[in-house]
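**Q** Hints in hand, dock the two standalone chains.
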Amino acid sequence: MSTQLITTGRPRRTGVPARSREPLLRRLVLRGPVYLLMVGASILALVPFLWMVIASTHKTSDLFVTPLPLLPGGEFWQNLGRLQETIGFGQVMLNSVLVAVLYTIFSSIVSVMCGYGLATYRFRGRGVLLGAILVTMMIPMQVLLVPLFQMMASVGWIDSYQALIVPFLANAFGIFLMRQGFLDFPTTLIEAARIDGASELRTFYRIVLPVARPQIAALIIYTFISQWNSFIWPLLMLNTEDKYTIPVALNTMIGLSRVDYSGLMLGSLLATLPLFILFLVFQKQFVAGLLGGAVKG
Amino acid sequence: MQRPGMWFALPAAALLVIFFAYPLAVSLLQSFFSTRGGVSTFVGLDQYTRMFRDPLVLESLGNALLILVVQVPIMIALAVGLAYLLNQAWLRFRSGFRLITFLPAITTLVAYSVVFRVMMTTDGGLLNQALALFGAAPIDWLNNEWWARVAVIASITWRWTGYNMVIILAGLQAIPPELYEAARIDGAGRWQTFWHVVVPQLRPVLIFTSVTSTIGALQLFDENFILTGGGPNNATLTPVLYLYKIGFQQFDFGYANAIAWMLVVLTAIIAVIQFRIMREKP
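Heads up: the protein sequence lines correspond to chains A and B, in order.
Under the working numbering, the residues of the first sequence are numbered 8 to 304, in order.
Under the working numbering, the residues of the second sequence are numbered 53 to 334, in order.
Honestly, the hints are just simulated from the structure, not real lab data.
C-beta atoms are modelled at their ideal positions from N, C-alpha and C, and glycine is treated no differently.
Mixed in with the good hints there might be a few duds.
Said to hold, decoys possible - Listed below are several chain B residues computed to face chain A (Cβ distance under 8 Å; list not exhaustive):
#1 P56
#2 G96
#3 G177
Excised from the complex, chain B in its bound form (with noise of 0.2 Å):
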């Protein structure tokens, strides 16, 4: 049975060579290339040696990476802390529960932050209101260096930590009943039971949305770009919007290439590590 296979796969296959391999091939030619002017020259890795002394990449990367460390930890703990209390039979109205802390999972990307751009106005936005009625003073979100990435972190976390929530949970309900009956017969607590029966049965789980969530945090783009534009001072340059600036601002594309590309090195490291982690058994 050679033929049908092929032909099933045919179209996939094609367009897969078309808009991908080629397209990947000419981008990591082009990054040894310098196209300003619309004259391309060869410069070697000159592109890539160029991003070490552009301080907007690493700034750009340390914001990224200011999102992978503070962002990541605090919303898959509270998507484990959300799953595993939603998973608890006497709680009444989980199903309510869940579909609510699910919802902002549904929002398209642009809308959400659209929606938190207002109301993270300045001058009489929701927040500060709501903030003002603990007699805090208002805050300026969106102009503000340190309240930006703030904003950036609790916009984000808004928006996943219930798509994590469901995953999570899926695999709390996939633990069979009776190492909860195992562990109580054992005389474990509600804390022992959590660390060492929950948490361990969750592992590959919670690597699946670190993981996920991190390469989510390094190509990050849609929320910067409405909510801040990057700004301000660029301390919410990510380097997809880096990206996009370099290539479609500047029509630098030689370099907006080498940049891409080191989005797909970090992907990589990023893909290892967990191949790695999740190979080696605890």
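Chain A extracted, bound-state conformation (with noise of 0.2 Å):
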């Protein structure tokens, strides 16, 4: 099922078709409210972002005047400035990028392998992981924090980021995104590479990789997200300033005893802006990821 339906603004023929035998002024009476309703959600949508651009260009002091400013202030370099010089921001952003993208790279990996192996072959054991998966994803993460927790602690592993990485890299609901996206792989595909002599890994590189190219792109934001937002675990595994990924840090923040709001409101803005870049290019695939295959359920 298709799900650019955010952007396409060409007109669909999927829609509830209009009642267009209506009189005019009916329809203007019904339509009315809708777009007045419309316009009010998208400003109560809108204006937590808008507020976020403002206030990190201006001094603290001014969030809480009245009037509030309404358009964006001079203060931007000074509120950077002092962001790096309290957490360090510049480290802090490349140690978020840097967790994300190794965890991206190699969950990924992982995922499409076992994707591809559940869904393709047959093989001693195959229902049980299957069955395992299912389990693995209605089982709420928490329940592992203190296991995992002393385990980490056992093998030296605390404030270093293979503790944000290694644990995690088996993620069930990506690894049942895989599959399902690979039950749907045209076999004959497979069979002809088969039949033309190349082996099982290169038929997988060559011809199975790039044809699943979408669903694993949108596996690939889905994954880079779930690092990039994950807060508990690292809340709990880092413990030195210059390792902090970006909400640690913005936790941080809150707790010291003079509260820099405009610095916050600067830091919580970069730290959206990485997703607010992926969703513009790769709205399709965003949303897809977003939706963890929901829509396709």
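**A** In structure tokens:
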């Protein structure tokens, strides 16, 4: 099912057809409020974003005066400088990117391989593995917090990036997403490659991966977002400031005795920006990834 | 073809055993022990019976239940309404409205919570200043027990309505246009069409969004941690927040594990209910 519905500007035939025979006046009376509602909903959705942009370009002391500033101010660079001073924002951003990118690469490889194996081959233990993955999806991750914490402590991984990446490499949701994707994969392509004498690995690498690119893109985006947003686990694992990821660093700023509100807003803005850009560039895959197969189910 | 499948699945299977199955078993085992002071003693089901006597467990469950009963229905209703209107063929700027109402779903959880916390500042915060325009007195959003709950509910609704809207919109677009046509030929009005054609067709999607939102409400952490820290007076304490405090501020691992397993059981119950509802035909 298509998920590009967010942005296609072309009229679609699938919408509820208009009751065009109704008189103009009645149509206006019915439709006017709908437009008002839509504008209202859009304003509600946008205000926090606008305020984030405006607030991050003003001094903290200007954020709570009456009337509030309605346009961006000129304090952006000062706020950025202070953010760099207090929490080393450049480093923090770099940490977040590093962890998210590394996690995305390795976790996606694991998910794609396992999903492909489950969907294409029959092997002993396949049913058990599939069942285990479904169960894993249902079990709240929080149940692992204590035992994983102890495990990380016993191998000396506390305050390291391995601790953020390795325990969650096998992502049940990602595996399931890929398995569903590969179930629809044209088996004739695989057969043809086999007849041509290609090895299984080569078939996977040269035939399957290129064709499955859209699903994999959705998986990559889903995986990246989940690590980028991750909060409770990094909060438990990291205790050196220059290793913090963005959510942990933002949390630290809230706890300071004198809260730098414009710095916080700028930090929040910069934390959202990568996702925003990703969304604008890869809208279709982004939505598919964010909904994680919900739409397809 | 035995071998290749196994090789493809092996990394994931090994990782799941080491980092999921094993800690899961450890967590269950530990929930029967008391680990205070670094010494483990077997206490049987004491950690579980302790939960029933712990007012904070009940409080956190009550807060989760409140969100479940109040926030989830409001959000799903809003999402259905939005999606339905955004699926009308005559509506102009549809894609623009869809894009904008979906935007909150792309924000980082901690970041948007920070923004809401700043907007909900009592003295001069954006929200209170907006209310003042309508002549309303400032509200102590994050320090009053009930307003803090409202604040959490409002924030989550802002973040997740657009997300659910898109899922429901996809469900709406899967409804064959002939059904609308047939309803019109049968003389059904707008409301009748909505209730008797659209809603039944959306059933699976509605169940899906309700259940994921319910499980989400049960596992709430980031928003409450940033917005209120669970306060004031534990009015916004959630089960996971409590688990965090017991486990990593009091280091009472046995009890934390028992609380975690309570969450597992509750989630399983919700999943079973979902399965039952899905299976029976309307």
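**Q** Determine for every hint whether it applies to the structure shown.
**A** Okay, the hints, checked on the actual structure:
{"no.": "1", "hint": "P56", "verdict": "4 Å, holds"}
{"no.": "2", "hint": "G96", "verdict": "19 Å, violated"}
{"no.": "3", "hint": "G177", "verdict": "7 Å, holds"}
Consistency note: the structure conflicts with earlier hint 2 alone.
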